[in-house]
Amino acid sequence: MSQTLDPRAAAHVSEVAVSVELQTPGMTINIGPQHPSTHGVLRLVAELDGERIVNVEPVIGYMHRGYEKLSEVRTYPQITALVNRIDWVSGFANEIPFIVAVERLMEIEVPERAQYIRLILTELARISNHLVFLSSYPLELGASTPLMHALREREHVLELIEGVTGGRFHPNFNRIGGVKPAAGGGSTQKKLAQDLPKGFLAETRAAMERVFAICDDLDTLVMGNEIFHARTKGVAIVPPDLALAYGVSGPNLRGSGVAFDLRKHENYLPYDKFDFDVAVGENGDCFDRYSVRHEEVRQAARIVGQAIDDIPSGPLQAKVPRVIKVPKGETYVRAENPKGEMGYYVVSEGGRIPYRLKIRSASFSNLSILSWALKGLLVPDIIALLGSLDFVLGDVDR
Amino acid sequence: MESAVADFAARVAELAGSESWSADFGNAKVRVDRSRWVEAVEAVRDGAGLAFFSFLSAIDWSNEVAVGDPLEETVEERYEVLVRLSSGKNNDSVTLSTDLPKNDARIQTLSNVYGGANWHEREAAEMFGIEFEGHPNLDRLYLTDEFEGHPLRKTYPLLSREIKPWPGMVDVEDMPSTENPEADSGGVAEQLPSNAEGVAVPSEEGDEA
Amino acid sequence: MTFVAVEINFYLLLVLKILVITGVMLGGLLPVILGELKIGAHMQSRVGPYYAGGRWGWAQPMADGLKFFQKEDLIPAAADRHVYKIAPYLLMVSTLSLFVIIPFSPDLIAVDLDLGIFFALAISSLSTLGVLMAGWSSGNKYSLMGGLRAAAQIIAYELPLVLAVIGVVIQAGTLSMVGIVEAQIDMGVPFLIGGQLVGFVIFFIASLAELNRTPFDLPLAESELVMGYLTEYSGFRFAIFFLAEYAGIVAVSAIASTLFLGGYGFWGLDSTVFGPFVLAAKVGILAFLMIWIRWSWPRMREDQLQTLAWKWLIPISLANIMVTAIFKVVF
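Heads up: the sequence lines are chains A, B and C, in that order.
Position one of the first sequence corresponds to residue 1 (the numbering used here), numbered consecutively onward.
Position one of the second sequence corresponds to residue 1 (the numbering used here), numbered consecutively onward.
Position one of the third sequence corresponds to residue 1 (the numbering used here), numbered consecutively onward.
It is possible that some hints are incorrect.
Said to hold, decoys possible - Footprint (simulated), chain B over chain A, 3 or more residues, beta carbon under 8 Å:
#1 67-74
#2 255-265
#3 335-345
What the hints assert, rightly or not - Sample of chain C residues facing chain A (criterion: CB under 8 Å; computed from the structure):
#4 G188
#5 P215
#6 D303
If you are wondering where the hints come from, they were derived from the structure by calculation, not from laboratory data.
All residues carry an ideal CB built from backbone N, CA and C; glycine is no exception.
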């Protein structure tokens with residue numbers, strides 16, 4: 001019973017154990033669809049080798065609501081209500097390219113006051129969107145405090161949007177030819193319809209002061225933190241030519257070093273009247289995408305400050321027929337949405353409803369780079385990259 | 001500005017080897033032959049410097065529609081595949097399009113030219129039933145595996161409208177000074193009253209600040 | 001217990017000590033939990049617990065505890081039942097044992113072992129086992145990953161922890177906890193100032209990692225692994241893990257303040273009378289520091305964590321030992 005183990009036999013046994021170990025297949029885990037960090041219902045099927053990623057395949061479509069099909073049974077004004085639910089964090093900005101496309105097909109000129117109001121609300125939507133990003137991204141990396149501070153400041157911005165449009169997230173404020181009057185607007189209150197609410201200018205200035213203050217706070221709290229640098233610098237670098245080929249746009253593209261901002265090149269809103277800089281990153285890693293958005297908040301607050309001082313008076317909406325019939329034609333209008341380039345390709349056959357509406361959403365293209373960018377990284381970097389792309393599933397899936 | 005768009009459209013048409021282009025409503029559009037699809041896109045990308053892939057999609061031109069308004073004049077039934085390319089440096093941007101016959105809806109894939117075409121083609125394939133030859137993984141993108149049919153085709157009905165009519169017709173009352181809408185029950189679009197929520201009201205009330 | 005003239009039966013004394021230690025542990029733990037909630041809340045411009053126990057929410061930890069105890073006992077079908085059940089208790093035992101050698105005053109110590117600190121470091125390593133058992137037995141890939149990460153982290157940071165303590169031991173000349181405090185009192189300054197600043201920093205960082213606190217809480221990273229190795233635990237078992245974590249904070253802070261901050265001694269105060277209060281104050285300061293760090297910083301990635309331990313903390317602590325030894329011999 002108590003025979004001694006032959007040492008040569010023992011060595012052989014241990015070799016066998018080692019070679020069996022090395023042939024163990026990698027682990028495939030499923031991240032999502034219900035997961036705290038995936039910005040909605042996104043499912044990632046990740047093949048892992050220990051902590052290294054071999055391949056990540058995103059599975060989307062959980063939030064597909066069929067917007068393009070729905071647009072084929074709605075009149076143009078009704079589509080406005082539908083469309084600001086695509087990217088629900090920056091509600092107002094979704095309507096703009098669509099409305100401008102329809103106005104271009106109908107060859108309507110929008111009064112200046114309406115354009116300024118649209119611009120101010122778009123920039124407020126940009127600030128609101130970026131504040132959510134700037135504070136929820138550190139949360140995913142483990143720091144929970146910036147979220148609370150930034151969301152408090154965001155409340156002021158949302159109150160401004162609500163004061164003008166009546167809605168915090170889904171304003172449905174654009175009308176073909178301009179914007180809707182701020183309060184009233186039904187038939188009995190036509191004469192009492194007001195414009196921008198009283199005190200709007202002063203409140204906006206105060207809110208912009210607070211936005212600048214929170215940007216400074218986030219600068220020290222998050223961007224100066226060594227651990228944040230270690231988690232985001234050099235992580236998931238997206239080279240610029242690849243970003244362009246995949247259609248990555250907005251702050252993600254600028255983070256990769258491509259200094260392209262549609263606000264400077266397209267004329268869907270009067271951005272050429274205002275003075276602002278375009279924030280560009282250097283390397284294309286997660287830190288650059290974060291700092292680009294951080295700078296964009298400051299620039300957006302700057303634009304709002306300039307626009308507030310200059311709003312011209314005038315009508316809020318051009319004269320449009322009661323029943324909107326858009327003449328035959330096709331056009332594509334794109335805008336610099338907070339998440340990237342959002343565009344609408346409107347195909348009209350001369351009726352009250354479009355024949356085809358193609359929605360080009362920013363997050364769809366931004367997300368498509370995921371499999372490429374994650375090869376060879378570690379599991380926590382999935383979270384770092386997902387957060388830094390700043391997408392929402394409503395935008396991806398439409 | 002219009003002429004700049006037209007000039008650009010002409011230049012792109014030349015690179016793509018096509019004769020038909022248009023620049024209406026600020027949209028530079030060049031029609032390309034199906035057999036030259038990939039070469040044309042490559043030539044445009046390299047010759048005009050359009051490195052940014054905006055989107056790829058399709059339009060279903062069909063005379064009988066199950067949703068929406070039918071077309072006023074008959075068209076040749078086809079799928080029109082559109083791809084939008086733009087520059088990463090200025091606002092040059094163009095739509096290239098080609099026609100596919102309905103009984104032979106196949107076209108070469110662009111995923112070797114632009115990486116971003118991969119997902120867009122998957123979406124177009126499942127929504128319209130177009131086959132992209134040479135695509136690495138033409139799996140379902142949005143729809144579940146058990147889904148049958150191609151939703152964005154004009155012959156695919158919007159099922160919720162089949163089951164019950166648009167609820168807004170019941171709720172909206174006439175505004176005092178407007179005409180009654182025609183209560184025609186043919187087609188879905190006619191059910192929508194003209195003074196539905198969101199329709200622009202004439203701007204008599206546009207006040208000064 | 002030397003100031004009691006009566007001979008007490010050994011076993012009665014044993015039971016008494018166990019009860020007192022458990023009481024001390026709970027008594028130290030509840031304020032720390034409340035502090036974490038309230039201080040964290042105020043750092044985030046929130047209010048924190050507000051209803052349980054009036055405006056200060058002092059009854060919140062007790063209310064949470066009661067809530068956990070009355071929950072349903074769930075064991076996942078794929079779990080390894082026996083290992084699953086034992087894991088929390090193992091963790092709790094290893095933490096509780098740390099309280100045995102903490103000196104509250106020169107006379108108030110459960111057992112004044114000659115190997116005081118050595119015993120503490122040895123028994124706290126049992127927590128690795130508890131964590132691994134929890135991660136493995138839950139039958140869940142996420143938990144397994146969390147458990148493996150935690151085990152790797154704890155093992156990596158054991159070394160700096162031990163090496164940092166050696167500097168103290170060299171300076172004090174003894175492993176006994178009371179002896180270390182007396183050495184500091186004799187020296188006139190706590191070891192923090194008296195030469196072990198580097199050792200203190202290393203010990204503090206390493207203990208944050210041992211306790212799985214931010215910035216080292218990757219095993220529990222909610223945003224990635226949905227609670228890591230604790231995902232499948234609920235109710236009473238979760239409460240045990242929870243208590244073990246905070247008891248660990250108290251215990252480790254107490255050990256750190258004994259080793260580096262002078263323990264129960266304070267200039268000009270009589271140790272036998274004021275000792276426990278002085279120690280409590282020092283534990284409070286260190287616990288506050290841990291809470292402050294947790295609410296301010298993001299978490300480190302696994303490989304960065306390991307790099308920090310192996311490439312930085314261990315060489316620095318070895319250098320610390322060398323320098324301490326040289327000073328001790330030469331001066």
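Hint check:
no.	hint	result
1	67-74	holds (count 6)
2	255-265	holds (count 4)
3	335-345	holds (count 3)
4	G188	36 Å, violated
5	P215	5 Å, holds
6	D303	7 Å, holds
Checked against the numbered hints listed earlier, the structure breaks hint 4 alone; every other hint is satisfied.
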